[in-house]
Amino acid sequence: MVENSVLISESSTRDTLIHLLARLLQNGEVDSVFALRGTSQEGRYCYSLITDPSLLNEILPFHPVMPVQGARALSELTITEPFDRPVAALLRPCEIRAFVENVKQSQGSLENIFIISCTCPGVIPASRLLREDREEVQRNLPANIRNACRTCTEFIPGTQADMTVLIASDEPQNSTVIYLHTEKAVEIAEILDSCTLETGKPPAELTSGILETRKKALKDLMREMKAPGDGLQSLVSLFSACIGCRGCREACPLCGCVLCDYETARTLHSPELVRAEAKRKGSLRVPAGTLQFQLGRLMHIAPLCTACGQCSDVCPVDIPVSDVFIRAANLVQESLNYSPGRDTDDTPPMATFAEKELLDITD
Amino acid sequence: MNSILMDLLEKALVSGIVSSVMVPSRGPDNSFPWTLVTDVSALNRVEPVPPVMSVHGAKALASFTQSMPEGKLLAVMRPCEARAAIELSKLEQIDLGNIILLTMDCPGAVPLKEYGEDGTMEPDINRPETLRPLCRQCTEFTSAGDLCLAMHGGLRTVIPLTSGGQELLDSLGMKAESDTSQWKEWANALRGEREKVRAESTEKLKETYSGLQGLVEVFSGCISCRSCRTVCPICYCRLCFIDMKDRRSPASAHLERSRNSGAARLMSNTLLFHIGRMAHMSLSCVSCGMCEDACPSDIPTGRLVSMVSGNTTELFSYSAGRNPEDPLPLNTYQLEELHEYED
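Quick mapping for you: the protein sequence lines, in order, are chains A and B. One rule links them: number in this note's numbering = place in the first sequence (from 1) + 7. One rule links them: number in this note's numbering = place in the second sequence (from 1) + 1263.
Treat the hints as calculated values from the structure; they're not laboratory data. A quick note: this is a predicted structure, and the numbers were derived from the prediction, not measured. Beta carbons: idealized from backbone N, C-alpha and C, even for Gly. Check the hints yourself; a few may be wrong.
As the list claims (entries may be wrong) - Some but not every residue of chain A turned toward chain B, in silico, with C-beta under 7 Å: (1) A29; (2) R30; (3) F90; (4) R141; (5) D177; (6) E178; (7) Q180; (8) S247; (9) A283; (10) S290; (11) V293; (12) L298.
Claimed, not checked - The calculated DSBU-like cross-link candidates involving lysine-lysine, where the alpha carbons are at most 35 Å apart (straight line), are: (13) B:K1469 to A:K286; (14) B:K1447 to A:K288; (15) B:K1376 to A:K222; (16) B:K1335 to B:K1508; (17) B:K1353 to B:K1469; (18) B:K1447 to B:K1335; (19) A:K286 to B:K1376; (20) B:K1469 to A:K288; (21) B:K1447 to A:K286; (22) B:K1447 to B:K1353; (23) B:K1508 to A:K111; (24) A:K288 to B:K1459; (25) B:K1508 to A:K286; (26) B:K1353 to A:K363; (27) B:K1508 to A:K288; (28) B:K1376 to A:K226; (29) A:K286 to B:K1353.
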């Protein structure tokens, strides 16, 4: 680990990163670049694996959108085998954390991935970018980010990042600031033109104001959500408009089962069973299991949730899914003393057994 | 407005001629879940034609009718839902024995995303701007299933469409009004208008998104949430071919793909997924528009699939969901057919 070594560039963040990535590709330091890129349709974005340096001008590094959670795209690439040559990947902190959890569950590999991350200012809800004035929404980013981003206190990447671009900071920066965390990062920085290497304050010191704001928002969420989503009746009400599209599950970087338990034939019921239940109540919601699906997913994901907010973002009926998940995840992760994505060596709580644990919540 | 229908449902349940009714009810927070009602007292929450389509009726029905229910089940649904139920019965996902499908002159539905904003919008059959894009061009807005509640052309009556429907009316001592000429005129006029809208929409889609490049463009905003597949009443496979493990490619294959053109889009099977779905759905698509309504990226997927479906069903002279007796085109074989597509 290199202590607070910083690269300073007078070019814009985007230009600096394109310059850096082009050098990496041209010098053969990496074979490819994993980055967010615009598409032929304005306002539509995708993750791409880029090998031609001349196409790097199409990338939108850390543009405040998340069409697909980066971990999901990286998992697609590395689920059957790791990269055998280095690739540079631009990822947000929650994407790295989700991918670390993917790796623990054999859904991907970190091997040969050089990670460039950022102090993350958050991303804008997709629906707002689609249906409102895009420029207007982007102008005042902190006011327009997802709820999940508003309450995110882990916006500085952890130890997996090789470089961290200072994007979110308390004071606006006049130059581009990139932290170099590894020897490899320093080596790479040294070959760049028109950049200087310095020793700077750690990112936490430059973002303490943001952290305070986010902590307060998270505290509010933990308190407010006690009403909607607390108790069975309020959960029924919260998910009453659910259309069962399962978009929340598909968009979730941690819901990786090939066939979800809730799609198996087990969830089909006989007409007799359903009618008997309807008879008992007079009227029964069909298909059965709307809330059961949500609670089942909550149970499976809460220990591992990295609070990216994709589930809320895809919901076509605007159910605040991520509010419920983030609140539960905070409580569950605290009681299990587990921080998803922090370290590849931390064993997932469901994979460990301790004879004496959680005594405070058992009889 | 639905007093005739409510009267029918009550009579059917009280007499025991029907043992359960599947129909949307009013739920909490402007929601309209499907409900299976067995108790007459629960009928007061029934909302037979809610302003939005949340879950497709055929999908709700298929969740518990893979085997034949004991006792008659009356399902009150929109025409596109009844037609999908008939397709699902051909695909052996619903056993329609003992199920009576009652439809109505469908007013159309409000887009989910617009309804969610304040929950006050109502679909107005005469104001297309209140309707989902596929409802605006729907030509099969009435007369599907066994019975149809006619509410236009001066009529307010339940018209039997099959012998099963007639039997139910007879057993309940109800009689349909016999002069349906004005109602038929109304339907023909609206169908004519809708056909024009559909032709215009198709023309526009073809202009904007023709060829492979057009498909790449229209699906460029796809985030692979697969909601279109999940909400589709016809897409019933438990494990979609696109999600199978043997479809996964190693990193080296993605790299090679990237080297071919300089960059490769990830979630790489987006287009294959949509084309595959079009191919699989096109003969049974009932143009319900669920896929488009659920799409968080506002992709006109319903209009596209419906356009493709229009072409393929015409080719096979097939109409999805119209007649339970018509065999599925892909389940029939003729030695002499489709010569025009041969070399």
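These are the hints, each one checked on the structure:
Residue-level restraint check for A:A29 is violated (minimum Cβ-Cβ distance to chain B is 13 Å; threshold 7 Å). Taken as an interface hint, A:R30 does not check out: its beta carbon lies about 17 Å from the nearest beta carbon of chain B, beyond 7 Å. Taking 7 Å as the C-beta contact cut-off toward chain B, the hint placing A:F90 at the interface holds, the least distance being around 5 Å. Interface hint status for A:R141: violated, as the beta-carbon distance to the closest one in chain B is roughly 13 Å, over 7 Å.
A least Cβ separation of about 32 Å between A:D177 and chain B goes past the 7 Å threshold, and the interface hint is therefore violated. Nearest Cβ of chain B to the Cβ of A:E178: about 34 Å, over the 7 Å cut. The hint is violated. Annotation: interface hint on A:Q180 violated; nearest CB of chain B at approximately 30 Å, more than 7 Å. A least Cβ separation of about 4 Å between A:S247 and chain B falls short of the 7 Å threshold, and the interface hint therefore holds.
With its C-beta approaching chain B no nearer than about 9 Å, A:A283 sits outside the 7 Å limit, and its interface hint is violated. Hint status for A:S290 relative to chain B: holds, with the closest Cβ pair at about 4 Å, below 7 Å. This hint holds: A:V293 has a C-beta 5 Å from the nearest C-beta of chain B, less than the 7 Å allowed. Here the hint on A:L298 is broken, as its CB sits about 11 Å from the closest CB of chain B, past 7 Å.
Taken as a hint, the B:K1469 and A:K286 pair is broken in the structure, with Cα atoms around 51 Å apart against an allowance of 35 Å. Taking the CA atoms of B:K1447 and A:K288, the gap is near 41 Å; set against the 35 Å cutoff, the hint is violated. Annotation: proposed proximity of B:K1376 to A:K222 holds, straight-line Cα distance about 31 Å (limit 35 Å). A distance of roughly 42 Å separates the Cα atoms of B:K1335 and B:K1508; the hinted pair therefore is violated under the 35 Å criterion.
For the hint linking B:K1353 to B:K1469, the alpha-carbon distance of about 31 Å falls within 35 Å, and the restraint holds. With a C-alpha separation of about 30 Å, the suggested pair B:K1447 and B:K1335 falls inside the 35 Å cut-off, and the hint holds. For the hint linking A:K286 to B:K1376, the alpha-carbon distance of about 34 Å falls within 35 Å, and the restraint holds. The suggested pairing of B:K1469 with A:K288 is violated, with an alpha-carbon distance near 50 Å, which exceeds 35 Å.
Of the supplied pair hints, the one linking B:K1447 and A:K286 is violated, its CA atoms being roughly 39 Å apart against a limit of 35 Å. Annotation: proposed proximity of B:K1447 to B:K1353 holds, straight-line Cα distance about 29 Å (limit 35 Å). Of the pairs offered as hints, the one joining B:K1508 and A:K111 holds, with about 19 Å between alpha carbons and a cut-off of 35 Å not exceeded. For the hint linking A:K288 to B:K1459, the alpha-carbon distance of about 47 Å lies beyond 35 Å, and the restraint is violated.
Annotation: proposed proximity of B:K1508 to A:K286 is violated, straight-line Cα distance about 42 Å (limit 35 Å). The hinted pair formed by B:K1353 and A:K363 fails the criterion: a straight-line CA distance of about 56 Å is larger than 35 Å. With a C-alpha separation of about 42 Å, the suggested pairing of B:K1508 with A:K288 is violated against the 35 Å cut-off. Note on B:K1376 and A:K226: the hinted pairing holds, with a Cα-Cα distance of about 30 Å set against a maximum of 35 Å.
A distance of roughly 29 Å separates the Cα atoms of A:K286 and B:K1353; the hinted pair therefore holds under the 35 Å criterion.
Going through the hint list in order, the structure does not satisfy hints 1, 2, 4, 5, 6, 7, 9, 12, 13, 14, 16, 20, 21, 24, 25, 26, 27.
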